[in-house]
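Spelled out from the first residue to the last, the chains are:
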Amino acid sequence: AQSVTQLGSHVSVSEGALVLLRCNYSSSVPPYLFWYVQYPNQGLQLLLKYTTGATLVKGINGFEAEFKKSETSFHLTKPSAHMSDAAEYFCALQNSGGSNYKLTFGKGTLLTVNP
Amino acid sequence: GAGVSQSPSNKVTEKGKDVELRCDPISGHTALYWYRQSLGQGLEFLIYFQGNSAPDKSGLPSDRFSAERTGGSVSTLTIQRTQQEDSAVYLCASSLAHSSYEQYFGPGTRLTVT
Numbered sequence: 001a002q003s004v005t006q007l008g009s010h011v012s013v014s015e016g017a018l019v020l021l022r023c024n025y026s027s028s029v030p031p032y033l034f035w036y037v038q039y040p041n042q043g044l045q046l047l048l049k050y051t052t053g054a055t056l057v058k059g060i061n062g063f064e065a066e067f068k069k070s071e072t073s074f075h076l077t078k079p080s081a082h083m084s085d086a087a088e089y090f091c092a093l094q095n096s097g098g099s100n101y102k103l104t105f106g107k108g109t110l111l112t113v114n115p
Numbered sequence: 001g002a003g004v005s006q007s008p009s010n011k012v013t014e015k016g017k018d019v020e021l022r023c024d025p026i027s028g029h030t031a032l033y034w035y036r037q038s039l040g041q042g043l044e045f046l047i048y049f050q051g052n053s054a055p056d057k058s059g060l061p062s063d064r065f066s067a068e069r070t071g072g073s074v075s076t077l078t079i080q081r082t083q084q085e086d087s088a089v090y091l092c093a094s095s096l097a098h099s100s101y102e103q104y105f106g107p108g109t110r111l112t113v114t
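Taken in order, these protein sequences are the chains called A and B. Numbering-wise (my numbering), the first sequence opens with residue 1 and increments by one. Numbering-wise (my numbering), the second sequence opens with residue 1 and increments by one.
Just chain A, with the same shape it has in the complex (with noise of 0.2 angstroms):
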């Protein structure tokens, strides 16, 4: 079976700080591993992907998530926050294999910028 485990469910930064968004991961085939983004009241808008190939993966907004197969990690960051990065962030799986393109999310990580 494969988890995803978002540590934090509540991350609060100031403007102008790192954020830091940690997600971890159990899988027995290789993942495809996303991160989602939700403002209140809407659906789920992809930030970022990671499939194959390079490691660091770099998304829309200025975040970026770098892939770690000897941890299972696939943390989500930004060098400096915005009021506007106010919001939900879930860290998704996917198998890589099989025929079912199912979705595995966290439990999401709500993030809070303070002016």
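Don't read these hints as lab results, they were simulated from the structure.
What follows is a list of derived Cβ distance ranges for each label pair: (1) A:A17 <-> B:R81: 46 to 52 angstroms; (2) A:Q2 <-> B:S38: 18 to 24 angstroms; (3) A:P79 <-> B:R64: 46 to 52 angstroms; (4) B:N52 <-> A:A17: 46 to 52 angstroms; (5) B:S58 <-> A:T55: 26 to 32 angstroms.
Chain A regions said to be covered by chain B (calculated; three or more residues, Cβ under 8 angstroms): (6) 44 to 51; (7) 101 to 114.
Every residue gets a Cβ at the ideal spot worked out from N, C-alpha and C, and that includes glycine.
Dock chain B against the given chain A, drawing on the hints supplied.
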């Protein structure tokens, strides 16, 4: 172009009533997913449609839940004899067929069972 749309955006129903939730995927997307987002359980997979293949229903929580996809496009999720624990946001997503392609999510339907 148009994204994934869902209707209604909000639905309040009485316990024991049946409800239907609708999803219009992005044109050309052959894969369609339903997920449920609730406070206690987070985001859970419900069901997956891919082209003309039999759907993967492995995430449906009980036999009160069913879904269909007509003509490879619009999908309807039906919940019979609703219970209070069915209260959640139901999200629909669509994608091109292959894994690694982005799943595009609709805004969701917020279901409240009173």
